[in-house]
Amino acid sequence: MSTTTAAPDATRPGDPPGDRRTRRKRAPRTPLTKSQRREALTGYLFISPWIVGFLVFTLGAMVYSLVISFSRYQLATDTARPVGLANYEALFEDPKIGIALANTLYYAVLAVPLEIVLALGLALLLNSARRGAGIFRTIFYLPKMTPAVATASVFLLLLNGSQGAINRGLAAIGIQGPQWLLDPAWVKPSIVLMTLWGVAGTMVIFLAALQNVPKDLYEAASLDGAGAGRRFWNVTVPMISPAIFFNVLVLTIAAFQIFDQAFLLFHRQTGAGTSDASLFYAIYLFDQAFRQFNFGFAAAMAWLLFVIILVISLIQMRVGNRFVYYESEDAR
1 MSTTTAAPDA
11 TRPGDPPGDR
21 RTRRKRAPRT
31 PLTKSQRREA
41 LTGYLFISPW
51 IVGFLVFTLG
61 AMVYSLVISF
71 SRYQLATDTA
81 RPVGLANYEA
91 LFEDPKIGIA
101 LANTLYYAVL
111 AVPLEIVLAL
121 GLALLLNSAR
131 RGAGIFRTIF
141 YLPKMTPAVA
151 TASVFLLLLN
161 GSQGAINRGL
171 AAIGIQGPQW
181 LLDPAWVKPS
191 IVLMTLWGVA
201 GTMVIFLAAL
211 QNVPKDLYEA
221 ASLDGAGAGR
231 RFWNVTVPMI
241 SPAIFFNVLV
251 LTIAAFQIFD
261 QAFLLFHRQT
271 GAGTSDASLF
281 YAIYLFDQAF
291 RQFNFGFAAA
301 MAWLLFVIIL
311 VISLIQMRVG
321 NRFVYYESED
331 AR
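When you number the sequence shown by full-length UniProt numbering, it's gap-free, plus one each residue, and the end is 332.
By construction, these hints were calculated from the structure, which means they are not laboratory data. As the structure is a prediction and not an experimental result, all values here were calculated from the model. All C-beta atoms in this analysis are idealised placements derived from N, C-alpha and C, irrespective of residue type, glycine included. One or more of the hints may lead you astray.
To be verified - Here are the in silico distance ranges between beta carbons for each label pair:
{"hint": "1", "residue 1": "F290", "residue 2": "V311", "range": "24 to 30 Å"}
{"hint": "2", "residue 1": "F293", "residue 2": "V324", "range": "43 to 49 Å"}
{"hint": "3", "residue 1": "A208", "residue 2": "D276", "range": "18 to 24 Å"}
{"hint": "4", "residue 1": "M317", "residue 2": "N234", "range": "43 to 49 Å"}
Build out the structure end to end from the sequences listed, making use of the hints.
Next up, the structure:
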């Protein structure tokens, strides 16, 4: 009498109809050879400086800041007294927290789309250049390499209300320029202008994405009678949508941490600034930590910012993934 054995991928009797699952035996794990173990150990040794740096200066600092966010810590006395949730309660009682968050959100909504549009436009120009493309790429990228202090010094001269080059250029065409650095309504736009000066990093990412778009897609669209605008929206944008999504996500995170531009233009001196128009969240956090030495409250501010950025990033990922086209998905 012959007997049969069940195949390794046979379904289980208890599986409901329409939801059959296969059971496969896992292949036995092959132990590493001596050379493989030596190679793995060598790899870990090479990255050990980064691991130590991450554990001490990033993860360790985050844990320590979380601890002192529940304490009243003054640098002068070097003592930390537990205060429970008092620092987090103070966040909702401090009116400047709301002002700083509103200014930061306003800046992010204004700066991120402008940087995306400008960077994509420059990338399209460079991608279409046939001669001297390498020279133009270098020229466009030079501002990104300029130190922030030097850039701020240049923009202090450019944005000067009476003698600045920008207002002189506007006056030449009959437009009276605003007081960029004094009028609260123009403070944040002036910071956005300074931010757009370093758009080259985003531009390079877009340029790399554009160069990876298959040429045959454009040829097929042209044969179907699609014009330049139709090819851009129906071919270019879908194919570079992962790069657009990545840049929007990264630029949004950076916008909520805006510090250098506002600090160098308005807050280098204690008490400086144009009313509350240039009071961004990171600026106020810096003031609480390194001018008021209220490290417990500053740590609570940092964790609130972390949660806000995390929530916004998750929302962007949830929404953005619906509009992002990944070429590898069609291959499956």
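Could you tell me whether the CB distance from F293 to V324 stays inside 43 to 49 Å?
holds, 45 Å
Given a hinted range of 43 to 49 Å, is it respected by the beta-carbon distance of M317 and N234?
violated, 25 Å
With 24 to 30 Å as the target window, see if F290 and V311 comply at their CB atoms.
Because 27 Å falls inside the window, the suggested range holds.
Taking 18 to 24 Å as the hint, is the beta-carbon distance of A208 and D276 inside that range?
About 40 Å separates the Cβ atoms of A208 and D276, which means 18 to 24 Å is violated.
In this structure, the hints that do not hold are numbers 3, 4, in rising order.
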